[in-house]
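Undergrad: Chains S and B are the protein sequences, given in the same order. For the first sequence, our numbering gives the first residue as 1, with consecutive numbering after it. For the second sequence, our numbering gives the first residue as 1, with consecutive numbering after it.
These aren't lab readings, by the way, just hints derived from the structure by calculation. A couple of the hints might just be wrong.
Under the rule of at most 20 Å between Cα atoms (straight-line distance), these lysine-lysine pairs were calculated in the PhoX-like manner [stated by the list, open to error]:
{"no.": "1", "chain 1": "B", "residue 1": "K42", "chain 2": "B", "residue 2": "K67"}
{"no.": "2", "chain 1": "B", "residue 1": "K2", "chain 2": "B", "residue 2": "K70"}
{"no.": "3", "chain 1": "S", "residue 1": "K98", "chain 2": "B", "residue 2": "K56"}
{"no.": "4", "chain 1": "B", "residue 1": "K108", "chain 2": "B", "residue 2": "K42"}
{"no.": "5", "chain 1": "B", "residue 1": "K2", "chain 2": "B", "residue 2": "K67"}
{"no.": "6", "chain 1": "B", "residue 1": "K2", "chain 2": "S", "residue 2": "K98"}
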Amino acid sequence: DAGVTQSPTHLIKTRGQQVTLRCSPKSGHDTVSWYQQALGQGPQFIFQYYEEEERQRGNFPDRFSGHQFPNYSSELNVNALLLGDSALYLCASSPRDKIQETQYFGPGTRLLVL
Amino acid sequence: QKEVEQDPGPLSVPEGAIVSLNCTYSNSAFQYFMWYRQYSRKGPELLMYTYSSGNKEDGRFTAQVDKSSKYISLFIRDSQPSDSATYLCAMSPYSGGYQKVTFGTGTKLQVIP
């Protein structure tokens, strides 16, 4: 089992551009959550997907959107990139109702906005 | 005021010491309390979770929750250099099938051989 995988590992974009990050959950997990982790900070919850629908959302603007596919994989899209969007973007998966007990994180995608 | 407060450290201890890591929180709705470990350039890894108040032990790790004080702790006994990492506390309310997890800023721990 490969665990949670994310792609790409690193990405450099310029202000105003759009970016798509991808995540494949751990085998057997149907719920995917996305987090933003700025340098020296803890992960901040962006949103959570289950059954292809956004179920919970943190305090992030509409520029942040996502999608979940029938195979449970997920994408995070960020439009109109700002310098402040530079961060490590983490994907985490869990079975529904078990996020506190079995949330597994991927290695993250490091995004730099210039 | 942040919902979860955690001293960022860094905390430096000699090998074999007992380490105490702490978080405070303000949201009374939090019911689940978790501790994650994050090595440099890696994703967080779940160490322990507890529900409501009480203690939980797993090997060298003990988690404590005091809901009356809104205070949680993680103790590491016989600390090892391999324990050097950032430790993140995390919390969530019980809200049916979908739970938002709120993290602290993390405490950086260094265990010196």
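Undergrad: Next, verify each hint and record whether it holds.
TA: Status of each hint after checking the structure:
1. Distance restraint check for B/K42 and B/K67: the Cα-Cα separation of roughly 31 Å exceeds the 20 Å cut-off, and the hinted pair is therefore not satisfied.
2. Distance hint between B/K2 and B/K70 is fulfilled; the C-alpha atoms sit about 13 Å from each other, no more than 20 Å.
3. Proximity of S/K98 to B/K56 is assessed by CA-CA distance (about 18 Å); at most 20 Å being required, the pair is judged to hold.
4. Proposed proximity of B/K108 and B/K42 is supported: the alpha carbons are some 14 Å apart, at most 20 Å.
5. A distance of roughly 17 Å separates the Cα atoms of B/K2 and B/K67; the hinted pair therefore holds under the 20 Å criterion.
6. The suggested pairing of B/K2 with S/K98 is violated, with an alpha-carbon distance near 25 Å, which exceeds 20 Å.
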